[in-house]
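Chemist: Here are the chains, one letter per residue:
2 protein chains.
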Amino acid sequence: MKPVIVRTIDELRERVRGLRKQGHTVGLVPTMGALHAGHLSLVQAAKADGHKVIVSIFVNPTQFNDPKDLDKYPRDEAADVALLAPLGVDIVWAPDVDEMYADGFSTTVSVSGVSEGLCGATRPGHFDGVATVVTKLLLQAQADAAYFGQKDFQQLAVINRFVTDLNIPVEIVGCPILREDDGLAMSSRNVRLSETGRKTAPALFLALSKAAEDIESGNDVTRVLAHASKSLLEAGFTSIDYLELRASDNLSPMAQFDRPARLFAAAFLGDVRLIDNVVVKGR
Amino acid sequence: MKPVIVRTIDELRERVRGLRKQGHTVGLVPTMGALHAGHLSLVQAAKADGHKVIVSIFVNPTQFNDPKDLDKYPRDEAADVALLAPLGVDIVWAPDVDEMYADGFSTTVSVSGVSEGLCGATRPGHFDGVATVVTKLLLQAQADAAYFGQKDFQQLAVINRFVTDLNIPVEIVGCPILREDDGLAMSSRNVRLSETGRKTAPALFLALSKAAEDIESGNDVTRVLAHASKSLLEAGFTSIDYLELRASDNLSPMAQFDRPARLFAAAFLGDVRLIDNVVVKGR
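Listed in order, the protein sequences are those of chains Z and R.
Going by numbering that gives the first Met the number 0, the first residue of the first sequence is number 0, and it counts up by one from there.
Going by numbering that gives the first Met the number 0, the first residue of the second sequence is number 0, and it counts up by one from there.
Hints listed in this document are in silico derivations from the structure and should not be mistaken for laboratory results.
Warning: the hint list may mix true and false statements.
[Claimed, not checked] Keeping only pairs whose Cα atoms sit at most 30 angstroms apart, straight-line, the calculated DSSO-like set for lysine-lysine is: (1) Lys-280(R) x Lys-198(R); (2) Lys-20(Z) x Lys-46(R); (3) Lys-20(R) x Lys-20(Z); (4) Lys-46(Z) x Lys-20(R).
For reference, chain Z alone in the conformation it holds in the complex (with noise of 0.2 angstroms):
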């Protein structure tokens, strides 16, 4: 069945509140759209854990903290709601830019902490915005749970503080990254690589599984580190943003392996940025 695709908060409430009083729970998926397996997998979750399922399709122009990647962020409605239909997915939540973010707009929810360095370091602003439009769908779809990709563990991290520092009513799931079979995690921006980065990108993910068995051997961090470095610009990427080791719980930066941790990279093949992170087993 062909999911009902709404565009008024207005609608979107009325239709839930049918759900409810069906019985019925709620489970959100928020998407910026140009959906892949990844996604799926997220509603995927939803549905096994009995909710009915609304996903939604926002490209949320206050979190790009660059104009350009705004500008080439893939859309296509019609192809992510033929993705989803097949699903069973209940509402495709699908508001424009003026019903998100009426006249005079001006309210900001921002998270230290866990927001800073990383990402947050080199995309100024882009985890105000994040936290900003997710306290939003969350609120709009008043959902009993929403579901996340750990490829954004850090947006994740910086979700589930503002969730439990704001007493926001919803349970929040984080899922496993899905892979290509090369390793490449799963990204809407993977479509905009040349046929030379797609066959240079799963490098990303082999660098940093290799520097996680090193640094889980024992060796040392910092040096693990500057190796994967290199390996990653050997391989052809142009630029690296970021490669740290972080400890799992609250992202503050370990120059030691000396509890839970992940390690984490950005970086870019010509101006498409990558991002993927990894877990450190402890011994």
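Position chain R relative to chain Z; hints supplied.
Modeler: What follows is chain R alone, placed relative to chain Z:
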């Protein structure tokens, strides 16, 4: 019947769920305690709208820019509860600071525009503190409606702004200022006035009322405000924080009276800061 006093978010939510299951709606009256007839009128408004009533009592440290003001803020929970009992309040929500701001708390809700100038100019961080704690209270109680006095008119404008912007599913109800017989706006800070200060204090409302009348009669705004300032200092006020004409809707400054407006003032009597505001009627 005495209201039940609740100290944890979990218990609050359980009780609210219970009320909803019985088919009730919920009205929230956020306060910092030190209750007076103004607060009680908010409770009565919530009752008149047919809600079960939650009164929150929480002296929010993050909205005090001056630690001395926080120290001196009057606190007497037993007296507050005694005042609420005859009104049929269902729940007093009185968390301690650790329940409200758990370890690692790092989120801020901030509003630009309406929060600028007036109290926003002289109390840095004040409205961030208000917006953040009121967002929390609204989402903790999941109230259908929340009641605020118009004495803190700018605060009410800030709250209306972020509730609209963040799509918080609650109706915000602004209630008229309650005044003593001599015109002094009721305020928890009034008990801190000296005997002389208490006698001088009504001059604030008198000066605002006279200025509003003069502006309504077509007199020059700048001249009227200068005269009102002079009369306040002559009456015995120590200093004037602000005295301004602002647009009723978005609180933008007005040099001329050409649309719906209010007059706003803040002034000191010794170390006690009083605020008040009056509507300026169109002809």
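Chemist: Now tell me, hint by hint, if it's right for this structure.
Modeler: Going through the hints against the structure:
{"no.": "1", "hint": "Lys-280(R) x Lys-198(R)", "result": "holds (28 angstroms)"}
{"no.": "2", "hint": "Lys-20(Z) x Lys-46(R)", "result": "holds (26 angstroms)"}
{"no.": "3", "hint": "Lys-20(R) x Lys-20(Z)", "result": "holds (13 angstroms)"}
{"no.": "4", "hint": "Lys-46(Z) x Lys-20(R)", "result": "holds (26 angstroms)"}
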